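Q: For this one, chain D is given, so just place chains Z and H on it according to the hints.
Residue numbers (the numbering used here), protein chains in the order written: chain D, 222 to 483; chain Z, 59 to 345; chain H, 1182 to 1457.
It should be emphasised that the hints constitute simulated quantities derived from the structure, not laboratory data.
Worth double-checking, as some hints may not be accurate.
Calculated lysine to aspartate or glutamate pairs in the DMTMM-like style (CA-CA distance at most 25 Å, straight line) [said to hold, decoys possible]: (1) H/K1452 - Z/D335; (2) H/K1427 - Z/E270; (3) H/K1452 - Z/E60.
Being a predicted model, the structure only gives us computed values, none of them experimental.
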Amino acid sequence: MVLELGQYIPGKSGIHHLDPRAKLLGLFLYGVALLAAPTGASAFLVGSAAVPAIILAGLPLSFIWRQLRPLVIFLAIIFIFQVALTPGEVMATIGPLQLTRQGLNYGLLALARVFFLVLAASLLMATTDPLALADGLERLLRPGQRVGLPAEELALMLTLALRFVPTLLEEAERIMRAQVARGASFRGLQVKNLMPLVIPLFISAFRRAEGLAEAMEARAYRGGEGRTRMRQLSFQAADFLFLLLAGALAAGTAYYRLRFGG
Amino acid sequence: MEISLQEVTFAYQAAGRQWPVLKDINLRVAPGDFLAITGAGGSGKSTLAMLLAGLLEPVSGRVTLNGQPVRGRGKGIGKGLSLWQKVGMVFQQPEQQLFAETVAEDIAFGPRNMGLPADQVGVRVKAALRAVGLDPDGLGGRSPFTLSGGQQRRVAIAGILALEPEVLILDEPTAGLDPAGRAGIIKLIRAFCQQPARAVVLISHNMADVAELARQVVVLHQGRVALQGTPREIFRQGEALRSYGLLPPSWTRLMQGLHRQGAPVPLDVLNLAEARDAILAWLGGGG
Amino acid sequence: MIEVQGVTFVYPGANLPALAGVSLTIKPGEFVAITGPNGSGKSTLARLLNGLLRPRAGRVLVDGLDSRDEQSLVEIRRRVGMVFQDPDNQLVAATVADDVAFGLENLGLPPAVIRERVAAALAAVGLSGLETRPPHRLSGGQKQRLALAGVLAMAPRYLVLDEATAMLDPVAREEVFRQVLDLRQAKGLAVILITHYMEEAVLADRMLVLQAGRLVLSGPPAEVMLQEDKLATAGLKLPDIMALGKILRQAGLKIPANCITVEELARALWKLVSRK
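Chain D extracted, bound-state conformation (with noise of 0.2 Å):
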C-alpha cells in the first residue's frame, strides 16, 4: 500500500490544528535533534518523542507500523552495512564478518534517524491538510524571496501537484486497460512495452499543462506578485508551546552530545 505513506487523514485533535509551519519547524528541531543524538540509544530515547504526539493525533499505534513496513527491506541494509563495516572491539564473528561494539551503536543510531525521520514526516503529512502544508511552506520561504527564491511559485506547483496527481492517475488507469484491450501486455517492465502507456499519458499530461497554463492567465494569474491569499495562518499558544517543547528537544540533545562527547 504505497497510499498509506504521506496520506491525510483528517481529525480534529490538537495535533491537526496546530499551525502548519509550527509542524514544519517541529519537523525541522526534532531531525537536528535525531542528528545530534550521539548514540543508538539516545537516539532511540529522542526519536520516541514522536509517540505522545502520534497518541495525541488519535493515530493508533498500528501507524507506526504501517510507517515501518514498506522500510523493513532498506532499514535492514543500513543496519547490516553500519554493523558490518565499522571496525572496532569486536563482539562476535559471521563468517567474513566480524561484529563490533562500535558497527552496532552506529548501526543502531543510523536506523532510529532514517525511521523516526520517516515516521514524524509521515505524522506531519497525516495530521497536515495538503494545502495548508503547501501554504505553511511558502510562509517559512517567503523571507527567501529577497535572495531570488520563488516561494510563491513553489507553493503554487506543490498544489497544482496535488489537484493532478489522482487526474492522472485515473488517466493511467484508463489508458492501461484501453491497451490491454489490444493485447498489450504491461507485466514485464521493459521499456519497450510500457511505451504505449507512457507516451499517451505524456502527451495527455502535456495538453494539461497547456490547458491549465491558459485557463489560469484566463483567470488573471500573473505569477506571485500582487497575489493575495484566502487562507490566513496564525500562531496560537498551542503553537509556541509545540515549538518550545521541539526547540527544548533539539538544545538538550545537543548540550548532551557536547557534555557528554559523541
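A: Coordinates of chains Z and H only, in the frame set by chain D:
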C-alpha cells in the same frame, strides 16, 4: 461470440471499503445483436462496458463467453485468453491512447500483440483504415498527432477493428465531435454491424444515437437495470425517462408534450420522418 | 462593449490564418452564439476576446481597453470571464473553495472579501456545501459549474463559454446551460456561447457562423437558419426541431419558420388544430 453476464455485481475497493457500482446484472450479447446501454452519468455504464470486455472482473456472479465461464482478460488461461481477443473495446476519447510514430504502426499494435505475421498485419492495417473511411496510402505513414480530432478518433477505432473482433463495444464514440465527425462515426458503426455474425454494444447517453442505431436498449439507473426493451418500448415510457437522468431527442419531447395536452400521437417515434408522419396523421385525422 | 475590428490571427508556424478580417461588436447584456465546424476559428476568436491571444492585425477593445496593451490585460480578463471545454484542465486548486478563490487571489483582494465572494459564487451555481471537496470527486456538470463560479466571483461583464458543455452528458449540459441563462438574467451578464450544438445556438439573440476563419453569416437565429445552403457548406445542420418544422411545411402544414424550440413548435401545431 456470445457474451453473457449472470447475476453480476461489481464494487470498487478504496480506502478499505467497497463502493458498489453494479448490482445483479443479467445481460446477453449474441451475434447479430445491437445493444445500447444508456443511463445518467454515474449509473455504471462504463463499468458495465469494461466487464463485458473482460477488463474488470465481477465481485460476484458469472461471465461466460460462448457458454464457458471465463476470468478477466490477462487472467484467463488458454481458451479464455483467445476468446477475449474476439471482443473489441473502444474507450471514451480513444484518440488519447494513440502512441506510435505513424498511423499504420499504431493500428498494427493490436494485430502484432496477437502474434500475426508481418504480411497479415499489413493487410489488416489497410483494411481497418478503409473501414473507418481513411486512405491507407495517404495517411498510413503520417504521425497520428498531426491529424484532426475526428480523424484521430477514427484511427483509434481502426486500431480496434484491426483485431477483427466479433463483438465491438464502444463507450460514447461520438462525444465531443461536431456534426460531420459524428456522422462519420455512426456510418462506420453501421457498416461494422452489417457484417455477418457481428454484434455491437453501444454505451451512450445520446438518445438520438440510441434511437437511430440500437435494436435492444438497457437503461441503467444507480447500478441496476431499470428498463430493458426495444427502442420503441423504451421511448414509450415517456416522461419516466427523465427520472433515470435521460434526455430524449427533441422530437420525442415534442411528442410527449403534445400527448400530455391530449393529442393522440404516439410516444415511440424514432426519427424525424416518423415524427412528421405521426403529426400529419393526427392533424389529418382530426380534420 | 467588446469591439473586434478587422482582426486577423495566424498561429506560429501555420500557413493559413486561423481568423481573417473578422469584425463584430458585442453589447453589454447581449447573448451571442458563435458557431462553425471544428477548425473554423471559433476557439481562436474566444481567446482573442479576453487577451489570451493578441491579434496579428486589427484590434480588440473591451470597454475601450485594447488587448495589445499589457497594462490592461488583468482588467480585460476580469471583465471577460472564460469557461473552457475540458473541466479537468481548468480547475487549479485541490478544493472547491480554493479553486473559486484563485482568480480573486490573483486580483489581490483582501482575504475577507475573497471568502465572501467565494461563498456567494458557490451559492449562485448551487455548489454550497461542497467547499472542501477535491475537484476530481465532482461530476462533470458540477466541475463546469465550479469553473463558472470561479469566473463569476471575479464579477465579469462578459462570459465566454468555449464549448463548455461539449464533454457533458445531455442532462448535465442542460443543467449548465440553464445556469448560465439564469445568471445572465440575474446579473445582466453578456453571454458569448461558442458551440456546435445548434439546439443551444438558436436560443441566442444573435448568431454568428464562422467558416475557415471568416465570418460567413450573422443575425437573429431564425434568419440565419433560413440560409440553409450556407449552413450546409459550413458543415452545420438545422436543429432537429427546425428540421421537423421544415419537413412539415413541405408536407403542406402552415408552420412559421421561426419555431426553434419544442414549445414553439407545439404551440404552432395546436394553433393549426384550433383553426380547423
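Q: Which earlier hints turn out false for this structure, listed by number in ascending order?
A: 3
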